[in-house]
Amino acid sequence: MTQPASTSPNTGDRTFLDSTEMVLNMGPQHPSTHGVLRVILKLDGEKVLGTECVIGYLHRGVEKIAENRTYAMFTPYVDRMDYVASVSNGLGYCLAIEKLLNTEAPLRAQYIRVIMTELNRLASHMVWLGTHALDIGAMTPLFYTFRDREEILKIFEKYCGARLTTHAFRIGGCIYEAYEGMEQEILKYCDFLEPKIDEYEQLLTTNRIWLERTKGVGVINGEDCIALGVTGPVLRASGVKWDLRKAQPYSSYEKFDFEIPTGPNGDTYDRYMVRIAEMRQSVRIIRQAVAGLPEGPIMAKIPKVLKPPVGEVYVSIEAPKGELGYFVVSDGTTQPYRVRVRPPSFVNLQALDKMVRGQLVADVVAVIGTLDIVLGEVDR
Amino acid sequence: MPEETKGNPTAPQPPAEKPAAPAAAAAPAKPAAPAKPAGPVPQPWNAPLPNSLQSRFGSAIKEASTYIGQNYLVVEREVVRDVLHILRDEHQFDYCVDLTAVHYPKKDLQFEIVWILYSFARNERMRVKTQIKDGEPAPSVVALWPAANWMERECYDMFGIVFTGHPDLRRILLPDGWNGFPLRKDYGILQQDQAWVQANLGIESGQ
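Protein chains in written order, with my numbering: chain A, 1 to 380; chain B, 381 to 587.
Simulated from the structure, these hints should not be mistaken for lab results.
Using N, Cα and C, we set each Cβ at its ideal position, and we do this for glycine too.
Some hints could be false.
To be verified - Example chain B residues on the side facing chain A (calculated, C-beta under 8 Å, incomplete):
#: 1; residue: 420
#: 2; residue: 424
#: 3; residue: 437
#: 4; residue: 477
#: 5; residue: 480
#: 6; residue: 512
#: 7; residue: 563
#: 8; residue: 576
To be verified - Between beta-carbon pairs, the in silico distance windows are:
#: 9; chain 1: A; residue 1: 216; chain 2: B; residue 2: 427; range: 43 to 49 Å
#: 10; chain 1: B; residue 1: 484; chain 2: A; residue 2: 295; range: 45 to 51 Å
#: 11; chain 1: A; residue 1: 177; chain 2: B; residue 2: 515; range: 36 to 42 Å
#: 12; chain 1: A; residue 1: 207; chain 2: B; residue 2: 470; range: 47 to 53 Å
#: 13; chain 1: B; residue 1: 443; chain 2: A; residue 2: 216; range: 47 to 53 Å
#: 14; chain 1: B; residue 1: 556; chain 2: A; residue 2: 358; range: 51 to 57 Å
#: 15; chain 1: A; residue 1: 68; chain 2: B; residue 2: 431; range: 27 to 33 Å
#: 16; chain 1: A; residue 1: 175; chain 2: B; residue 2: 501; range: 47 to 53 Å
#: 17; chain 1: A; residue 1: 143; chain 2: B; residue 2: 557; range: 42 to 48 Å
#: 18; chain 1: B; residue 1: 517; chain 2: A; residue 2: 183; range: 55 to 61 Å
#: 19; chain 1: A; residue 1: 47; chain 2: B; residue 2: 424; range: 55 to 61 Å
#: 20; chain 1: B; residue 1: 560; chain 2: A; residue 2: 179; range: 45 to 51 Å
#: 21; chain 1: A; residue 1: 47; chain 2: B; residue 2: 556; range: 34 to 40 Å
All chains should be built: construct the whole structure from the sequences, respecting the hints.
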């Protein structure tokens with residue numbers, strides 16, 4: 001971003017005869033920014049010299065709202081951050097408050113939470129795959145993934161009445177018991193989905209245009225990822241085998257058998273492969289959770305009026321986009337003194353500049369898509 | 381951290397009932413003593429890591445504690461950057477998870493800045509905290525962890541804390557010309573920069 005505006009042609013790594021930089025504004029109203037993200041691109045012809053992200057268009061002051069609501073009243077608000085993966089948001093918040101209360105959800109509730117969260121991970125990855133492919137120019141996957149995602153949303157609707165901002169869990173467990181036939185319906189969906197994932201792969205994995213647009217695009221190595229705080233599939237595609245569900249299991253994840261897919265090169269193609277593999281692992285976890293769903297209560301014994309003792313905790317989960325953390329400070333009253341959300345999208349978006357420098361303008365679109373950001377979460 | 385979730389419901393409670401004496405003198409005796417469980421209390425964090433830091437920095441490490449299985453250090457502002465540097469270079473805390481602040485307007489040291497660190501090698505998380513007065517700068521850690529760049533900008537945006545050494549400290553979520561720092565406790569939830577709203581959005585009020 002601090003490139004000097006030189007007028008002498010062909011200096012350094014400049015490639016064009018006329019070496020004056022061009023500043024191109026992308027967004028905030030741009031279909032490939034997945035919301036209202038504005039990127040100011042410094043270009044030398046087609047080549048990106050630097051980027052600057054302008055964010056905050058969706059800032060609603062979620063953390064301020066939290067300080068003015070009771071603990072329970074704030075739960076629906078967290079769904080509005082990453083609205084594509086609202087179940088994960090709710091899970092992270094509930095776990096944080098449960099930790100602050102020094103309690104734990106009953107086992108059955110933990111299993112229901114795992115089933116719902118993994119279904120939500122599938123839904124989130126499907127939105128990502130469809131829109132990412134659309135950005136790059138493949139229109140068909142969008143219709144396929146949205147068709148299959150619809151069935152997940154129907155399960156959510158049957159379970160808790162809402163499709164998108166679900167508010168599925170409560171502090172202390174779940175409020176809704178599994179509806180009649182839910183297990184069979186979810187298992188049926190798993191059987192339905194697995195061949196569909198193969199279908200998505202048939203469309204893209206060996207598609208020559210897809211390979212040209214994604215291989216070697218937006219490369220970032222593992223060290224840079226860690227330095228920039230990047231987590232989630234982006235980190236794993238760079239070869240770092242780290243997943244909070246394995247590293248620091250929560251909500252009974254240690255009881256399930258699954259693998260952490262990684263990629264060797266850290267490019268857009270690897271991130272695609274990692275997310276596809278993650279979808280298969282999610283199906284695997286769901287099957288185990290449904291098969292092992294224990295009987296018992298779904299709500300822990302917690303007081304009606306929540307007054308956590310004075311203290312502070314940081315609890316994080318592996319959301320579809322990366323590490324989603326809640327840092328909650330309690331002063332012993334019914335309202336949180338401070339809630340800080342550590343959003344994966346916000347931190348991951350910082351890596352955009354690193355990933356697109358020296359690449360072409362068209363690749364910026366691919367890289368924004370592959371980072372899988374949700375602006376509601378970036379801006380909060 | 382399997383023991384973390386268990387907590388310590390039978391942890392030794394400190395004799396903290398005494399300070400309530402002056403108010404309770406006029407009130408009827410024993411006003412609902414068992415009504416409020418005090419909950420877990422921070423325990424001293426005894427491990428090689430805090431011990432080595434304490435022997436190195438002495439009283440500048442004000443506290444090394446564990447609360448519900450989560451470790452944290454409270455450090456003087458003057459040495460916090462050195463402590464963070466040592467944590468990164470010598471104790472493998474290579475991932476700066478988050479950076480934020482908490483505002484306590486009634487205290488003299490109004491702002492508590494919290495760094496949440498994670499080590500991939502140790503699979504361990506810890507927090508480093510420091511307290512500063514209003515208007516005092518905090519050291520920037522962007523040179524240690526580039527991830528802190530936007531986090532410090534957000535912290536400045538929301539609390540008005542200046543991080544010295546930050547390469548580009550500007551507002552990030554709010555517009556550049558905005559007046560006020562919304563996450564301070566004295567900033568009302570309905571409060572807005574009306575002048576900015578009127579000048580830039582062409583409406584009377586954002587409410």
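A quick look at each hint next to the structure:
1. 420: holds (6 Å)
2. 424: violated (15 Å)
3. 437: Status violated, d = 23 Å.
4. 477: Holds - the Cβ of residue 477 of chain B comes within 8 Å of chain A, reaching about 6 Å at its closest.
5. 480: Nearest chain A Cβ about 4 Å off; hint holds.
6. 512: violated (16 Å)
7. 563: holds (6 Å)
8. 576: violated (13 Å)
9. A:216 to B:427: 43 to 49 Å: For residue 427 of chain B against residue 216 of chain A, whose Cβ atoms are near 44 Å apart, the range 43 to 49 Å holds.
10. B:484 to A:295: 45 to 51 Å: holds (46 Å)
11. A:177 to B:515: 36 to 42 Å: violated (54 Å)
12. A:207 to B:470: 47 to 53 Å: Once the Cβ atoms are compared, 48 Å apart, the range 47 to 53 Å for residue 470 of chain B and residue 207 of chain A holds.
13. B:443 to A:216: 47 to 53 Å: Holds: the Cβ-Cβ distance is about 49 Å, inside 47 to 53 Å.
14. B:556 to A:358: 51 to 57 Å: violated (29 Å)
15. A:68 to B:431: 27 to 33 Å: violated (41 Å)
16. A:175 to B:501: 47 to 53 Å: Check failed, 40 Å falls outside 47 to 53 Å.
17. A:143 to B:557: 42 to 48 Å: holds (44 Å)
18. B:517 to A:183: 55 to 61 Å: holds (57 Å)
19. A:47 to B:424: 55 to 61 Å: holds (56 Å)
20. B:560 to A:179: 45 to 51 Å: holds (48 Å)
21. A:47 to B:556: 34 to 40 Å: Given range 34 to 40 Å: violated, Cβ gap about 28 Å.
Going through the hint list in order, the structure does not satisfy hints 2, 3, 6, 8, 11, 14, 15, 16, 21.
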